[in-house]
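Residue numbers (this note's numbering), protein chains in the order written: chain A, 1 to 340; chain B, 1 to 331.
Wrong hints could be hidden among the right ones.
[Claimed, not checked] In silico DMTMM-like links for lysine to aspartate or glutamate, alpha-carbon gap of 25 Å or less:
1) B:K207 x B:D142
2) A:K57 x A:D73
3) B:K130 x A:D243
4) A:K226 x B:D96
5) A:K118 x A:D107
6) A:K296 x A:E328
7) B:K298 x B:D142
8) B:K203 x B:D96
9) A:K226 x B:E103
Rather than coming from a laboratory, the hints here were simulated on the basis of the structure.
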Amino acid sequence: MDVVKQHRSREGYWRLVWRQFRKNRFAMAGLVIVLFLAGVALLAPFLAGDVPVYLLKDGRSYWFPNLYRGYQDLVAENLYANFDRWSPGPGEMAIRPPIAYGPLQQDILNALAAPGAKHWLGTDDRGRDVLSRIIWGTRIAMLVGIVAVGISAVIGVILGALAGYYGGWVDAVILRFIEVMLVLPTFFLIITVMAFLPPSIYNIMAVIGLTGWTGIARLVRGEFLKQRRQDYATAARATGLGDGRIIFRHILPNALSPVFVSASFGVAGAILTESALSFLGFGIQPPTASWGELLKQAQTHVDFAWWLVVFPGLAIFITVTAFNLVGEGLRDAMDPRLRQ
Amino acid sequence: MLNQDHIALSIRNLRTWFHTDQGIARAVDDVSFDVPTGKTLAVVGESGCGKSVTALSILRLVPTPPGRIEGGEILFGGQDLLELPLGEMRAIRGNDISMIFQEPMTSMNPVFRVGGQIMAAIRLHRGLSKDEARREAIALLDRVGIPAPELRVNDYPHHMSGGMLQRVMIALALACGPKVLIADEPTTALDVTIQAQILDLLKTLQKDTGMAIMLITHDLGVVAEVADEVVVMYAGKKVEQAPVNRLFAAPRHPYTQGLFASLPATQQPGARLHTIDGNVPAATDFPRGCRFHPRCPKAMARCRDEEPPFRILEERHGTACWLHAEGGMAP
Chain A
1 MDVVKQHRSR
11 EGYWRLVWRQ
21 FRKNRFAMAG
31 LVIVLFLAGV
41 ALLAPFLAGD
51 VPVYLLKDGR
61 SYWFPNLYRG
71 YQDLVAENLY
81 ANFDRWSPGP
91 GEMAIRPPIA
101 YGPLQQDILN
111 ALAAPGAKHW
121 LGTDDRGRDV
131 LSRIIWGTRI
141 AMLVGIVAVG
151 ISAVIGVILG
161 ALAGYYGGWV
171 DAVILRFIEV
181 MLVLPTFFLI
191 ITVMAFLPPS
201 IYNIMAVIGL
211 TGWTGIARLV
221 RGEFLKQRRQ
231 DYATAARATG
241 LGDGRIIFRH
251 ILPNALSPVF
261 VSASFGVAGA
271 ILTESALSFL
281 GFGIQPPTAS
291 WGELLKQAQT
301 HVDFAWWLVV
311 FPGLAIFITV
321 TAFNLVGEGL
331 RDAMDPRLRQ
Chain B
1 MLNQDHIALS
11 IRNLRTWFHT
21 DQGIARAVDD
31 VSFDVPTGKT
41 LAVVGESGCG
51 KSVTALSILR
61 LVPTPPGRIE
71 GGEILFGGQD
81 LLELPLGEMR
91 AIRGNDISMI
101 FQEPMTSMNP
111 VFRVGGQIMA
121 AIRLHRGLSK
131 DEARREAIAL
141 LDRVGIPAPE
151 LRVNDYPHHM
161 SGGMLQRVMI
171 ALALACGPKV
181 LIADEPTTAL
191 DVTIQAQILD
201 LLKTLQKDTG
211 MAIMLITHDL
221 GVVAEVADEV
231 VVMYAGKKVE
241 QAPVNRLFAA
251 PRHPYTQGLF
261 ASLPATQQPG
271 ARLHTIDGNV
281 PAATDFPRGC
291 RFHPRCPKAM
301 ARCRDEEPPF
311 RILEERHGTA
321 CWLHAEGGMA
331 P
């Protein structure tokens, strides 16, 4: 049957975007890096840490003590908290992550060691392994980036959709609100707010998210202005559907592609903002490892301990670049004018 | 005069204006007509004469702002649709009165499967379960002549051709057994052969269901094929109304006469095509008096200043023209 065969060879919108995206080598490189970073963030406890992945001790075997939430849990399980001082006795064994140093694990005797066989990227002034800290910092960076952009996207999409769909005074009010937000120097606003709030990671994500939605809102508004006059929107209203359903089920999926592009750039921006905040001391607090925090710690020793600056800096640079490349790739892939 | 029971939809003195920066555009100005049950009423006229706005006004889908229904009544089932609260209006849209549009390609949401869009309407108005709605959607697609409907129900709009999609639109419009179907240039975007198929389909479905069809078109060929009664609009006004055979036999209004004279089929092969000079004026500055007078070959002094009233000349044939104002009856 011809009808049946035709069905198989057809392409959906996202497959079309993907085919276009794949042709862009830089975008693909960015995507690979982003996926790699996501993997690093997810698997941090398996990549770096002093707590073993598997432990055979006192005749009992423990799977994944590295996933226990912290010292308390380890003690509750009757395990050592200081695995760095412990080595397996007879009949005992431990499988440790490839980088067997915790991000907080100090080793004063090895402080400020240059990169070498033992500490691949060197140690800081308290003898903490830089690579381990960068790996755990990836978690913070990715989490902040994605959650903050998630908050921005939700606010931006809702406000932009309402403004674009209803127009009139709704649009005017939301637009003025957006303009007020745009006029405020966001970064200084964030610093001011963070000065009053306890510097927890949740506050950082919330503040970055709550200030970063204006771009997405304007994009979505523009899309809705265009889409609400399309025949299918009128047809949906002629079917008797309600506004909520038309806005969120019918128009929104057609208005989302610029949001994905903007979100990719947004993640890059949020990571930069978080690093800058932490660098200035308003963000993630020591001893928690975040990239900006690492750079701040590096300041005192920057004259000779180059590895404290270069590696966290590279991590930020590569991550931000990767997300920007993905954003650009998406933008080009979704632009039908560039499609061959 | 027709019995009230035979009238599915009655439009009375409808005025829909657009308040634009250039001024007030009187896109529909004091238009009245009835759509008889089980019959097809065609509304014809050039682009910009107010046909589509009339259709959108019936379902209250005129984009507001800038558009606004300034006055009149749209009587359906004994109630004035213009007075209904929005919730009740929604219950009528797609249920009692449904609409199909000119561009089938853009009237379906590209991100949903066609079956899903039909199912949404069925479930909304008829409260069926998902499985029942799906069966119903397949049955509807079958009824409008789509081959392999149980497969096609899963297609996205871009999988289908224009003619197929217009069938899907018709299936969607029929989903709840409407009493009135408004078809806004349903065949304009289609090939001639497909046009005939779609018109046949509409006629068959009308015979089966007894629904009234209000067909908006600029194509007199389409009118001849399917219409029972015709309303001719010009610049937001109804200029002539007649049963189809009478209108084709003896058009009264100079504008209607011009339209017929412009049909290639009525002319000598090789002769220059007849045209009506000029264009439809912009809706923001319609001329005083008769709105057609600047283009009218028979314009008189009176036409410049006074608007001609609509007068019935013989049974169910009426026109708004000073040439025929004497002796006609007020409607």
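* If you check each hint against the structure, which ones fail? -> 4, 6 and 7
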